[in-house]
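Student: Given next are the chains, with one letter for each unit.
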Amino acid sequence: GEDVEQSLFLSVREGDSSVINCTYTDSSSTYLYWYKQEPGAGLQLLTYIFSNMDMKQDQRLTVLLNKKDKHLSLRIADTQTGDSAIYFCAESKRDSSASKIIFGSGTRLSIRP
Amino acid sequence: NAGVTQTPKFRILKIGQSMTLQCAQDMNHNYMYWYRQDPGMGLKLIYYSVGAGITDKGEVPNGYNVSRSTTEDFPLRLELAAPSQTSVYFCASSYGTGKRGTEAFFGQGTRLTVV
Numbered sequence: 345g346e347d348v349e350q351s352l353f354l355s356v357r358e359g360d361s362s363v364i365n366c367t368y369t370d371s372s373s374t375y376l377y378w379y380k381q382e383p384g385a386g387l388q389l390l391t392y393i394f395s396n397m398d399m400k401q402d403q404r405l406t407v408l409l410n411k412k413d414k415h416l417s418l419r420i421a422d423t424q425t426g427d428s429a430i431y432f433c434a435e436s437k438r439d440s441s442a443s444k445i446i447f448g449s450g451t452r453l454s455i456r457p
Numbered sequence: 121n122a123g124v125t126q127t128p129k130f131r132i133l134k135i136g137q138s139m140t141l142q143c144a145q146d147m148n149h150n151y152m153y154w155y156r157q158d159p160g161m162g163l164k165l166i167y168y169s170v171g172a173g174i175t176d177k178g179e180v181p182n183g184y185n186v187s188r189s190t191t192e193d194f195p196l197r198l199e200l201a202a203p204s205q206t207s208v209y210f211c212a213s214s215y216g217t218g219k220r221g222t223e224a225f226f227g228q229g230t231r232l233t234v235v
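Chains A and B, in that order, are what the protein sequence lines are. Following our numbering, the numbering of the first sequence begins with 345 at its first residue and continues without gaps. Following our numbering, the numbering of the second sequence begins with 121 at its first residue and continues without gaps.
The following block holds chain B by itself, in its conformation from the complex (with noise of 0.2 Å):
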């Protein structure tokens, strides 16, 4: 199993571009995540999935969307690129239910700047 991919690893970005952020799982996981990592700062989820076609905001919503055609994939998107979304993007994903009850699988990261 590859596990959580996330792609692009880097990217910079204008003020008022658009991008969108891939994720993808080969675990079958129901549940996927979106977080975001300021610098020197803890994780803020952004959106939530617990199953294709569904979808549900986080704590920090604004300025992004996501879909979920699928189980496996979960891309985040960015409309109009601003400063204050230059972070660190981890996709997660987890069975959300069993022994290890929500255990989250995180890809590497996406290290996005906006300028």
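Just chain A, same shape as in the assembly (with noise of 0.2 Å):
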């Protein structure tokens, strides 16, 4: 099954918040990832969270960590158009002696007027 899940689409307001929620397989992940991508663009790191945090805030965004149930999410506030995008819920994985970030299949969010 995949490692990392989150839903295919969210369609919000303009000026409402978005909530992009993600589930993780791996406990022992030490680093949790949202990236950005615009379109025919590659991916921007947004934000990061420590395993160790609960809550992680930075100006309009908001990560929640559960680490209980391995759940992650990305709050937008004020949501305007330039947050259109597909917003990708990543994890830093040990494999052996290396690290790999596995991915998720991302979440499109577009805004209405």
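Keep in mind that a hint or two might mislead.
With the C-beta cut set under 8 Å, the calculated list includes, among others, these residues of chain B facing chain A [what the hints assert, rightly or not]: (1) Tyr153; (2) Met161; (3) Gly162; (4) Leu163; (5) Tyr168; (6) Phe210; (7) Glu223; (8) Ala224; (9) Phe226; (10) Gly227; (11) Gln228; (12) Gly229; (13) Leu232.
Per label pair, the in silico range of CB-to-CB distance [stated by the list, open to error]: (14) A:Gln388 - B:Thr233: 21 to 29 Å; (15) B:Gly136 - A:Glu382: 33 to 41 Å; (16) B:Pro203 - A:Leu352: 39 to 47 Å.
No wet-lab data here; the hints were simulated from the structure. Ideal Cβ positions, reconstructed from N, Cα and C, are used throughout, including at glycine.
Please assemble the complex out of the two chains, which come individually in their own frames, going by the hints.
Tutor: Dropping the structure here:
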């Protein structure tokens, strides 16, 4: 099964808050990330959280981590049209001696007026 | 720093042809990755490398090969192109250690179509 799971689509009204959810399977993950992909572009790191934290806030972004349920969420306050993108949840996962990054399938956020 | 540079940006291949996707980074990152992103889908890890001379398979390695002779370069080779390899390919690199852990920096992608 998938290591990192996300819903595929989310539609919100401009000015409302967006909440994008993600579940992961590896309880030993060290870092969890949110990446943003705008149309025709590569991925860019939006924010990240270390596994010993519950919450991290960065301007309009709030990341919540529930380690017990292996659930990560990204809240975008006052969502704007420029927030339209695909948002990927990712975990850094240890595999023997190496770390690799595993991505979810991405959530496409669309903003309606 | 240029970051992660991928070439070419676009390519059309015929079934059975071969090609190499180039990836270079100038950030002295140890870790490098190749992902593919199929239309409307997420990223699947093809191969990764934790340093020069070391490569390892990801989730979908079949039909691909990689090499890592230098820290900077991590080319991806398709030997016998198949329509199933039509995708957008992303190269990424990361420090692998430190405060930001394994934050990955991505190239702009190579859009490959196999006909």
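Student: Against chain A, run the beta carbon of phenylalanine 226 of chain B and see if the smallest gap drops under 8 Å.
Tutor: This interface hint holds because 4 Å falls under the 8 Å limit.
Student: Identify whether the interface hint at glutamine 228 of chain B stands, where standing means a beta carbon of chain A within less than 8 Å of its own.
Tutor: holds, 5 Å
Student: So, as I understand it, the hint says tyrosine 168 of chain B touches chain A; can you test that by seeing if any CB pair is closer than 8 Å?
Tutor: holds, 5 Å
Student: Hint check: is the beta carbon of leucine 163 of chain B less than 8 Å from a beta carbon of chain A?
Tutor: holds, 4 Å
Student: Once the shortest beta carbon distance from leucine 232 of chain B to chain A is found, is it less than 8 Å?
Tutor: Cβ of leucine 232 of chain B sits 15 Å from chain A, so the hint is violated.
Student: Do the Cβ positions of glutamine 388 of chain A and threonine 233 of chain B conform to the proposed distance bound of 21 to 29 Å?
Tutor: Because 25 Å falls inside the window, the suggested range holds.
Student: Let me know if the C-beta of glycine 227 of chain B comes in closer than 8 Å to any C-beta of chain A, holds or violated.
Tutor: This interface hint holds because 6 Å falls under the 8 Å limit.
Student: Against chain A, is glycine 162 of chain B within 8 Å by beta-carbon distance?
Tutor: Since chain A brings a Cβ to about 3 Å from glycine 162 of chain B, closer than 8 Å, the hint holds.
Student: Report holds or violated for the interface hint on methionine 161 of chain B, using the least CB-CB distance to chain A and a cut-off of 8 Å.
Tutor: holds, 6 Å
Student: Would the stated hint for tyrosine 153 of chain B survive a check requiring a Cβ distance to chain A of less than 8 Å?
Tutor: Hint holds; tyrosine 153 of chain B Cβ to chain A Cβ min 7 Å, cut 8 Å.
Student: Can the suggested window of 33 to 41 Å be confirmed for the beta-carbon pair glycine 136 of chain B and glutamate 382 of chain A?
Tutor: holds, 35 Å
Student: Go through the hint on phenylalanine 210 of chain B and say holds or violated, using the shortest Cβ distance to chain A against 8 Å.
Tutor: With Cβ-Cβ at 6 Å, under 8 Å, it holds.
The structure shown violates the earlier hints numbered 13, 16.
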